[in-house]
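If you're matching them up, the sequences are chains A and B in order. Mind the numbering: the first sequence is residues 534 to 1006 in our numbering, read in order. Mind the numbering: the second sequence is residues 534 to 1006 in our numbering, read in order.
Source of the hints: derived by calculation from the structure; they are not laboratory data. No incorrect hints appear here.
Same chains, same names: a pair is fine if it fits in one copy or spans any two.
Pairs of lysine-lysine, BS3-like flavour, derived with a Cα cap of 25 Å:
no.: 1; residue 1: K820; residue 2: K588
no.: 2; residue 1: K779; residue 2: K863
no.: 3; residue 1: K855; residue 2: K588
no.: 4; residue 1: K611; residue 2: K566
no.: 5; residue 1: K863; residue 2: K591
no.: 6; residue 1: K779; residue 2: K858
no.: 7; residue 1: K591; residue 2: K581
no.: 8; residue 1: K816; residue 2: K591
no.: 9; residue 1: K633; residue 2: K610
no.: 10; residue 1: K653; residue 2: K858
no.: 11; residue 1: K842; residue 2: K591
no.: 12; residue 1: K632; residue 2: K610
As the structure is a prediction and not an experimental result, all values here were calculated from the model.
Protein chains: 2
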Amino acid sequence: MKNNAITSRNVDFAKWYTDVVMAAHLASYTSVKGCIAIEPNGYALWEKMQSILDKKFKELGHENVQMPLLIPETLLKKEGELVNGFAPEVAWVTQGGSKKLEERLCIRPTSETMFCDYYKTHVSSYRDLPKLYNQWCNVLRWEKETRPFLRSREFLWQEGHTIHSSMEEAIDETNKMIEVYKWFHNDILAIPSIVGKKTEKEKFAGAEFTLTNEALMYNGVALQSGTSHYFGQKFSKAYDVKFLNKNNNLEYVYQTSWGTTTRMIGGLIMVHSDDKGLVLPPKIAPKQVVIIPINDNEKIIDLSEEINKKLNDNNITCYIDKSDKSPGFKFAEAEVNGIPIRIEIGPRDLENNKITFVRRDTSEKYVEDINIDVIEYITKLLDTIQNDMYKKALDRRNSLTFTAKTIKEMEEILNKQPGFIHADWCGDEECETKVKEIKGCKSRCICDEPLITGKCAICGKDAKYNVIWGLQY
Amino acid sequence: MKNNAITSRNVDFAKWYTDVVMAAHLASYTSVKGCIAIEPNGYALWEKMQSILDKKFKELGHENVQMPLLIPETLLKKEGELVNGFAPEVAWVTQGGSKKLEERLCIRPTSETMFCDYYKTHVSSYRDLPKLYNQWCNVLRWEKETRPFLRSREFLWQEGHTIHSSMEEAIDETNKMIEVYKWFHNDILAIPSIVGKKTEKEKFAGAEFTLTNEALMYNGVALQSGTSHYFGQKFSKAYDVKFLNKNNNLEYVYQTSWGTTTRMIGGLIMVHSDDKGLVLPPKIAPKQVVIIPINDNEKIIDLSEEINKKLNDNNITCYIDKSDKSPGFKFAEAEVNGIPIRIEIGPRDLENNKITFVRRDTSEKYVEDINIDVIEYITKLLDTIQNDMYKKALDRRNSLTFTAKTIKEMEEILNKQPGFIHADWCGDEECETKVKEIKGCKSRCICDEPLITGKCAICGKDAKYNVIWGLQY
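Chain A with its partners taken away, still in its complex shape (with noise of 0.2 Å):
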């Protein structure tokens, strides 16, 4: 059943995500310019997305912290190419009751300086390394063109902040993390996602480098979606966090720093959704399975109560609908909503000893036995389901994923349909500059794979990395 409320996708992309968003109930405009209300279905997400990385990031000995909301001015500044990076787009707060600040005050749009500021008078010795912190908080930065959930000025995220007594290690956390956020949304949002480094133009204000997790999303049209940084003692030369280390020689700290953002709430519409609106993985949907009872026949509701139950208490969330709306109502509301399975309990099929079973991913129905096992059935639906919509996504990001010998033949590619576009680089920027003169297309990282013609695509000369170009959100 097509929604009304959602043009085609195949129609206006841009129009169809933003109906999404709104037919779900995921956010909705304000009367702030470029801040969205995020509702409930949509924070129901970051909430269980949330939960899922906190628990990953705590194995891994993480501790969670809370650092002020505001920089003041000449802290922010201490480090000149974050400064640099960061303050065409920051907020300032000059005025505090009904006094002018003598100091300007940023609010956050990434702490780096807080933490360090923090680390400076809390670390002396090796002993007290590594700390391991990550925030769950807002930031904000003043964009200037904004799209619900992808680039809003004000936008919820966590960011990890650790420092190390040697280089090795801050390394190895920079690719662990990175791993665990290409883990998240292989396996959880069920996005394939490719983890690279970024050129030199491309990388983090201020970092040594930046490891990225790159999703393509169907119109081809890619999303950096967490990035970990490695700092080296950049910052903490600015800021001057030193330790004595073990041979008693004072040394400053070698820093990381991760983050994902709610933004990935856009990265699960693009990749999964479709025209009846949103499509949810599984392990991710804050409620998996709906019962709608096709009438109030106390048999029917008696059954739908008992497999709610069973449901529930097997850590599958599951709820029945009991409002006074129509069936028909009902499922189309399940499917706006994306919730992965649907279970539909009718008088005749409960005549027939039968209950249907309906996949939100396919529209597939299965008409089964009433005594069957539904646990392990649901169990192994939702299994099917995740592992299908992963399928499914990694299939339609082979077929946009293009190689390219030359920039007339990325030009070509980018004009035809958007994609991931392989092709050698020699490693100058101004070859990556002249790249970005086809509509925007930016490298999007250096990736593991051998050469392709062994010459930089754009000026012909000795190539150094296989890349992967493409355009961005």
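Please arrange chain B on chain A, whose structure you already have, making use of the hints.
Structure of chain B alone, referenced to chain A:
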């Protein structure tokens, strides 16, 4: 064992308080005036508070959302009382990126305005009601004098904002939520609390009435710890939030809000803690049991691991202190961090088939047989500690609860020892203001108890209320 980093509670209560905050690594000062960094031990407490309250809110049908951090000035100003109450203490963003903003934005001191603005466009019929929304977030108030957790410019809280189709339902919600806070304080935080109505002078700006949860600290000073407000239609009229009722007439919604904050961490300290550091009731302690092996003898380590596993498998949070510090240092650290039970396993004990259990709250030691059912034993002991801590706090509060017949008696009591003072009041704001001249003593709440003399303790006219008065944080 006295902790040398901590001033004695009876010598300097204020200094003792901040010493405990720092020594237990709950929070530390930052370079941002009036803003703290919440450290891992403090944030773990907040996470535990969040998880228990959030579960309860959801059981009662509430859903979480997230509204914007920034509020445009014109929007804030729509409700006159609210803006008058908060305007002197908000921070203003006047610059975004490199541009001066056309309209100032304030950082939310509370979010009634944003919720109203949202509800206005999302509610049209009685079928859309009630909306039971809550958000966990940071807020900012430009306080002049600050103190970790008790009063800081930025703090973390939850704010529930609900709208209803009738006055009765909204008042019921207001009552229900203050009872949740009372339950949380009494049963989880072991802080005996009194619930009552605030006077007109002390109620929340813009509320019809405010219910408050009041706790008494060890030093006899009161802490307002959770409030629930009934707004009637005040905000819905100011922000034009209407619905079509069952009779097909447009009507303004009936509204509530209710909140608790990280200041509850301050309450936990000031009610329960002592000169050795933090003391935590087991139900809120992020870590309930620590095992300290006296040496690294294999038998000792094996037994430690065995007990640790058993307890964690049975939902008792336990850890082994395996660091290379001395046993004495480990004891002191477990004490300052407020771990409710310490298990010591040493060679001499083991020879005699014994294990030692030490209570943090009373320092009592119990030497028990090694074959004791450790799960049953610990479960019971945690229960005993929880109950004893509540009883101790209640006894302390009772010993600091006084009755006064005249304002002179109130003054005598306050000069000797602050506490909760019951005194009759005529209801006249002038009398209330006179009491404030005694060291800033304010009405805490109007209580249900019968009148004492029947005459106002201040002016001598007929009294209407038995009011609890006291100094406050």
